[in-house]
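S.K.: Residues per chain, in single letters:
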Amino acid sequence: MSRGASSFFRLNDHGIDVAGLRRALDDRHCGAVVGFDGIVRDHHGGRAVSELRYEAYAELAEREGQVIVEEARAKFAVRRIVAEHRVGLLAIGEIAVYVGVAAAHRDAAFSACRYVIDEIKARVPIWKHEHYADGAAEWIHPD
Amino acid sequence: MSRGASSFFRLNDHGIDVAGLRRALDDRHCGAVVGFDGIVRDHHGGRAVSELRYEAYAELAEREGQVIVEEARAKFAVRRIVAEHRVGLLAIGEIAVYVGVAAAHRDAAFSACRYVIDEIKARVPIWKHEHYADGAAEWIHPD
Amino acid sequence: MQLHVRYFASLRDLAGRDAERIEHAGDAVSLYERLAHRHGISMPRSRVRLAVNGAFVAWTQTLHDGDEVVFLPPVSGG
Amino acid sequence: MQLHVRYFASLRDLAGRDAERIEHAGDAVSLYERLAHRHGISMPRSRVRLAVNGAFVAWTQTLHDGDEVVFLPPVSGG
Numbered sequence: 001m002s003r004g005a006s007s008f009f010r011l012n013d014h015g016i017d018v019a020g021l022r023r024a025l026d027d028r029h030c031g032a033v034v035g036f037d038g039i040v041r042d043h044h045g046g047r048a049v050s051e052l053r054y055e056a057y058a059e060l061a062e063r064e065g066q067v068i069v070e071e072a073r074a075k076f077a078v079r080r081i082v083a084e085h086r087v088g089l090l091a092i093g094e095i096a097v098y099v100g101v102a103a104a105h106r107d108a109a110f111s112a113c114r115y116v117i118d119e120i121k122a123r124v125p126i127w128k129h130e131h132y133a134d135g136a137a138e139w140i141h142p143d
Numbered sequence: 001m002s003r004g005a006s007s008f009f010r011l012n013d014h015g016i017d018v019a020g021l022r023r024a025l026d027d028r029h030c031g032a033v034v035g036f037d038g039i040v041r042d043h044h045g046g047r048a049v050s051e052l053r054y055e056a057y058a059e060l061a062e063r064e065g066q067v068i069v070e071e072a073r074a075k076f077a078v079r080r081i082v083a084e085h086r087v088g089l090l091a092i093g094e095i096a097v098y099v100g101v102a103a104a105h106r107d108a109a110f111s112a113c114r115y116v117i118d119e120i121k122a123r124v125p126i127w128k129h130e131h132y133a134d135g136a137a138e139w140i141h142p143d
Numbered sequence: 001m002q003l004h005v006r007y008f009a010s011l012r013d014l015a016g017r018d019a020e021r022i023e024h025a026g027d028a029v030s031l032y033e034r035l036a037h038r039h040g041i042s043m044p045r046s047r048v049r050l051a052v053n054g055a056f057v058a059w060t061q062t063l064h065d066g067d068e069v070v071f072l073p074p075v076s077g078g
Numbered sequence: 001m002q003l004h005v006r007y008f009a010s011l012r013d014l015a016g017r018d019a020e021r022i023e024h025a026g027d028a029v030s031l032y033e034r035l036a037h038r039h040g041i042s043m044p045r046s047r048v049r050l051a052v053n054g055a056f057v058a059w060t061q062t063l064h065d066g067d068e069v070v071f072l073p074p075v076s077g078g
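Protein chains in written order, with our numbering: chain A, 1 to 143; chain B, 1 to 143; chain C, 1 to 78; chain D, 1 to 78.
Please keep in mind that the hints were generated in silico from the structure rather than gathered at the bench.
There could be a bad hint or two in this list.
Claimed, not checked - Once the Cα atoms are required to be at most 20 angstroms apart in a straight line, the calculated DMTMM-like pairs of lysine to aspartate or glutamate come out as: (1) B:K121 <-> B:E55; (2) A:K121 <-> A:E55; (3) A:K121 <-> A:E59; (4) A:K75 <-> A:D107; (5) B:K121 <-> A:E59; (6) A:K121 <-> B:D107.
As the list claims (entries may be wrong) - Over 12 angstroms on every C-beta distance to chain D, these chain B residues come out as not near it, computed from the model: (7) S6; (8) F8; (9) L21; (10) D26; (11) H43; (12) E71; (13) A74; (14) A91; (15) A104; (16) A133.
Note that CB positions come from ideal geometry on N, CA and C, so glycine has one too.
All chains should be built: construct the whole structure from the sequences, respecting the hints.
M.R.: In structure tokens form, the structure reads like this:
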């Protein structure tokens, strides 16, 4: 298996298996794994949220996500990065995104995990459609 | 249950159940969970490591670990922190320490997780006895 | 030239469709202005990114017959 | 006064025991020097932290009869 094959970003339309992704990070040379779970909260901007829908421009999202993962591997001394982002309808408490990083040392693992989630949020063409408890719904397009 | 009861540091002499600890972080108000796994590596300082033993001054370790968790809860906008550290004999690849933090937002979750693991490593009376592939063994007492 | 335009998120809701084929002779800027006017899209172009054939490109990118053109409103994944 | 001294990690290996009871009239500094000499502990006191009755304390802490005294070499958890 090539070095790159152990790191990836991909979309997920059925449910993120954090335990399975975590196993993909196992590596005898790694002393540190940092994982980030982004979870659907029950509120946003003071409004009660009932559920979310994520929509992606899939081809570009997976391409851009993979670019971000490769950037992080170039910038930080890490061995493996796995990242998945949900699309479709999500309930409160469901995992919307997972980023896991394995590295020899924790400093690089923390930095790379933070980099990947920050860049995903800033650059990957995925949009959140929030459904509120009062029946309204809104696309989130941050300024 | 008091607010404090959902956050803890404790020693573990049998095996860290990351999935179970992760479930203890579930909280409808939290959008971010950051987890750190410290794992027994197969090498240290250029030497091949075969296994490790962690020894703790248990009473003080648990007290100091709890102090660190409470410091992090005071410094950062987080809701729950769970941390466990193994004692006893560990094989390569076993989890030596887990720190999980749940927060409304990722910035606080990353900062608190990093704070807790850094302070555990600096302050909690736990010592690593490294066993090397060549049969030697050494207590690690960092400068 | 004929272009294949795809819409996502709020722009899809406003356009009332996922995609459309359109004959267009100008550049991407004039295409956005034309389609924004047609579909009542008020989002200023400064907030929109352009993708052509599945890659981010600058608004100065020359369009070609058969291109897939996507106007991307600000993203909100994570 | 009688003190209960406990040892951990390399200090335990050098002392050849987990703990011992000792009669001592002085302070924690003189106790460490005395026990380091007895057990061949070469670690300078500047690298050692002191705990009394399960809490970190300064080396100037006054000891009392029955205290549990622990000399903590640099820690290496995590």
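S.K.: Now, for every hint given, state plainly whether the structure supports it.
M.R.: Here is how each hint holds up against the structure:
Between K121 of chain B and E55 of chain B the CA atoms are separated by roughly 13 angstroms; this keeps the pair inside 20 angstroms, and the hint holds. Taking the CA atoms of K121 of chain A and E55 of chain A, the gap is near 13 angstroms; set against the 20 angstroms cutoff, the hint holds. For the given pair, K121 of chain A sits about 17 angstroms from E59 of chain A by alpha-carbon distance, which is consistent with the 20 angstroms threshold. For the hint pairing K75 of chain A with D107 of chain A, the CA-to-CA distance comes to about 12 angstroms; that is within 20 angstroms, so the pair holds.
Distance hint between K121 of chain B and E59 of chain A is unfulfilled; the C-alpha atoms sit about 43 angstroms from each other, more than 20 angstroms. Only pairs whose Cα atoms come within 20 angstroms are accepted, and K121 of chain A paired with D107 of chain B is accepted, the gap being roughly 13 angstroms. Residue placement check: S6 of chain B keeps its beta carbon more than 12 angstroms from all beta carbons of chain D (closest about 23 angstroms). With a closest Cβ-Cβ approach of about 16 angstroms to chain D, F8 of chain B is found to remain outside the 12 angstroms limit, as its non-interface label requires.
Against the 12 angstroms criterion, L21 of chain B stays outside the reach of chain D, whose nearest CB is about 16 angstroms from its own CB. Residue-level check passed: D26 of chain B sits 25 angstroms from the nearest beta carbon of chain D, beyond 12 angstroms. Look at H43 of chain B: its CB is around 16 angstroms from the nearest CB on chain D, clear of 12 angstroms, so calling it non-interface holds up. Separation of E71 of chain B from chain D is adequate, the least Cβ-Cβ distance of about 14 angstroms exceeding the 12 angstroms criterion.
Non-interface status of A74 of chain B relative to chain D is upheld: no Cβ of that chain comes within 12 angstroms, the nearest being about 19 angstroms off. No beta-carbon of chain D is positioned within 12 angstroms of the beta-carbon of A91 of chain B; the least distance is around 17 angstroms. Distance check for A104 of chain B against chain D: the nearest CB is about 27 angstroms away, which clears 12 angstroms, and the non-interface claim stands. The beta carbon of A133 of chain B sits about 19 angstroms from the closest Cβ of chain D, which is more than 12 angstroms, so the claim that it is off the interface holds.
Going through the hint list in order, the structure does not satisfy hint 5, though it satisfies all others.
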